[in-house]
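Could you build the full structure based on these sequences and the hints that come with them?
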Amino acid sequence: MDYKSTLNLPKTAFPMRGNLPVKEKQILQSWNEMRLYEKLLELHADDPKFILHDGPPYANGNIHLGTALNKILKDIIVKSKFMAGFRSDYIPGWDCHGLPIEHQAEKEIKEKQSTMTKLDVRAHCRKYAARFLDIQRAEFKRLGGVGDWEHPYITMDYEYQATIIEEMAKFFKRGEAYRKKKPVYWCISCRTALAEAEIEYETDKTTSIYVKFPLISRDDVFKECPDKPIFMLIWTTTPWTLPANLAIAINPEFTYVIIETNGEIYIAVRELVADIMGKAGIGDYRIIGEIEPETYRIIGEIEPETLKSLSFRHPFIDRKSVVVFADYVAKDVGTGAVHIAPGHGEEDYVTGLEYGLDVYSPVNEKGELTKDVEFFGGMNVFAANPVIIEKLKELGVLLFAEDIEHSYPHCWRCKKPVIFRATEQWFVSMEKDRLRERALEEVDRVTWIPAWGKDRIYNMLLARPDWCISRQRTWGVPIAIFYCDTCREPYWSDGSFARIISEVKQYGADIWFEKDASYFLPEGAKCSCGNGTFTKEEDILDVWFDSGSSFAAVLKKREGLRFPADIYLEGSDQHRGWFHSSLLVSVGNDGTAPYKSVLTHGFVVDGKGRKMSKSLGNVIAPMEIIDKYGAEILRLWVTYEDYRDDIRISKEIIDRLIETYRRIRNTFRFLHANIGEDFDPAKDRVPYESLSSIDKWLLSKLQRLIERVRESYESYSFHSIYHSIQNFCTVELSALYLDIIKDRMYVEKKDSVKRRASQTVVFDTLMALLRLSAPILSFTTEEMWSYVRPFVREDSVHLSSFPEADRAYVDAGIEQEWEAIWRIREAVNKKIEEKRVEKVIGHPLDAKVVITAPPEDYAVLGKLGDELKEVLIVSQAEVVSGSELEISVVRAEGVKCERCWQYATDVETGGTYPNVCRRCRDTLISL
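In our numbering, the protein residues as written are 121 to 1047.
Hints in this document: simulated from the structure, not taken from any laboratory. Don't take each hint at face value.
Claimed, not checked - Distance condition first, Cα-Cα at most 25 Å in a straight line; then the derived PhoX-like pairs of lysine-lysine: (1) K656 <-> K625; (2) K862 <-> K124; (3) K535 <-> K552; (4) K574 <-> K716; (5) K486 <-> K232; (6) K983 <-> K951; (7) K771 <-> K874; (8) K771 <-> K728; (9) K955 <-> K1016; (10) K511 <-> K399; (11) K440 <-> K343; (12) K874 <-> K968; (13) K290 <-> K552; (14) K486 <-> K656; (15) K771 <-> K143; (16) K325 <-> K552; (17) K728 <-> K803; (18) K131 <-> K862.
What the hints assert, rightly or not - Pair by pair, the computed Cβ-Cβ distance ranges are: (19) N579 <-> E834: 27 to 35 Å; (20) E834 <-> E744: 29 to 37 Å; (21) L1005 <-> G985: 14 to 22 Å; (22) R782 <-> T1029: 41 to 49 Å; (23) D438 <-> S309: 27 to 35 Å.
Bear in mind the structure is a predicted one, so any value in this text is a computation, not a measurement. Beta carbons are placed, not taken as given, at the ideal position from N, Cα and C, and that holds for glycine.
See below:
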């Protein structure tokens, strides 16, 4: 007789295969139709606010894995905060100005560019940014993120542009913005100044040179020295800056010595003499006797103060080079003397100011030495390096040159090396009104996650120069000030700023480029010199000022938000970028940091820990993964490792994630299948007191999982959630509880207390897992939510709340007992496997197990009674008392029941229900 139809076999329409690329699109459509984000805001309208402020990505190109990682992390936080009972508005943003977009737009219009006005270029840039904003928005939405996607903040929107000018104007009005000729990072390729935040350091090969600066007059200082030419030795890694040399810097605390060689006398710091002479091939030190080629000796010391009184001649230009003091001159490398070009280095500039040196910078915007530079005029600075070295050799003033590797600044947009070049630029002072000091105080008040982020930004702020805010480009927000046509002094007023801001709100920043100065100036505006005609500033603002003003444009102006934000979350490179510029603008204008916490993630690398690179062939596009496997796999990947470090991805890692996903999905499916169509939690729920021991054990473990996962959401430790849920599904559920309850679920009467008890626990477990997993597995939990919809009031899992751990269900005693049971069960399984290999049994249900247990284990196992055989998944089990644990496995007694497949001694071969055990017969009679 076939008894299969009498069993309560698991039933669910929830598919085993996710078919995520198709299913996710359907779910996204349903979220749009139900207006999920708007419903979340309505549901939590009166709840406390939690604001994650989005750092704006550039509207340039498709999204990559780094931006996908960032947006998924933000979405996990936003959804988890909604589910934790907060109103968590999320306004996505885009950074639309700046070089990346201008460069791409220029590529598209390269043939027409020479005939295009600034307004033409700006119009093309706007179209380009708008196009990629729409592309990125669709790709970000495909990741499953909730937010106000239809009303993002966009830095090229008129209102936002006006806010940027408002924030800029405050610095001008307080006198904290100033214009000066100073050396700044200059990108030859982009032809603009750059801020520190726009610089990346790469290891480059270069030639370092040791140059001889001839002494102009011997004076009395060297009267005891042999009658040989005297030179100051300097060291540099940038030969192209030598034409701009005006001084030699020495350290007033060092001891300098006079070195006699075969034909010349050199001056250098004592500690580096042996190294210098060795590299120059003059390595044989002589104390007495004649100085011959390849030998030298130290013939005296010279005080720094004495050196400072001397003058040396430029090695190839008829110009004096004075000696100055600078405490940054080091003696770990070089000669202890540094050549000073005030127009080509920050420290050189400061030293030049101290000694009244000209800010001389004979390099144009193309990176060419100017025509007045003898020998090298018109040459590109980097191309000039080897030519200058040859000239030094020719003139006999090159001691030696060597190839070295050093860290050199590059433009983070075009990736090409940059130079320091003195130009007239606008700066925000770090010292006026204590901006640096106040920013550092705010850093101490902010929570930095990971904690090392605090030291990183603190040290950056401590060492940074004044902020260069001007750029010599077209696509951006103008520095909206004027210059007097007579005296060229900068001019602005409250009235001019008010007029400009009003016009930009209405017409956008293009209005600045359309109208002449008089259009914006109040009637009767006059310079202090008495002149009343002006010219507009042509430079635009640093785009970091644009995005750094987002707190003012968004947090302070958007309904439902607040200032400061609870958290900013970006990659760790933003300590020098958006975190940094936002902090300076906010502290400068509002006296406080724009964020309470800052959380950073690492970078995406391949399986071997290497950067993603086209040249390495290891770039993986997020849309490739989504189209093939689904966005859910990417969302799972984000939590796979601790994202605060670099996060790896490869085909092997994706395969592992797919396997993990399948396990979790099938756990959801199996749990739902065992609720079946016959369990109604409103009617069939079994009270805690009536649950079996194993049911209470799982319920206790579930409460601990809820606590652990919720704590991990609070601390943003998403990798802990991944491992907690995966382990719970794999171990507590699949390997233990669900395996053990199969018999009672399938074989017992549908409405038996035993079965209903397990269904109660299964239902609670499924509901908890769905809600705990929802911020991460947003699509799959939503799909399953539609199958449990009869039991819940919310239209979406994302409209529900996190489960609360019920401490009344946490039972440490039961957990301890079951630890002992699992230990014994593992030993039993090993013994069963031995008997299976010996062919004593074929299947665990063929077995009878006799456990001899010491007193402590005997007491625990004794409490199980008939449940012991269920736990061991055997047909019969006995426990006897003994001194130590012993396990005996023999063939089970009796005959195999054709319904439950267990062996029993009460199986009858005849009757209405032949070949079944008494338990199954009683169940069949009751049907």
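Check: Of the numbered hints stated previously, which ones are contradicted by the structure, given in increasing order?
Finding: Going through the list in order, the structure violates hints 3, 7, 16, 17 and respects the others.
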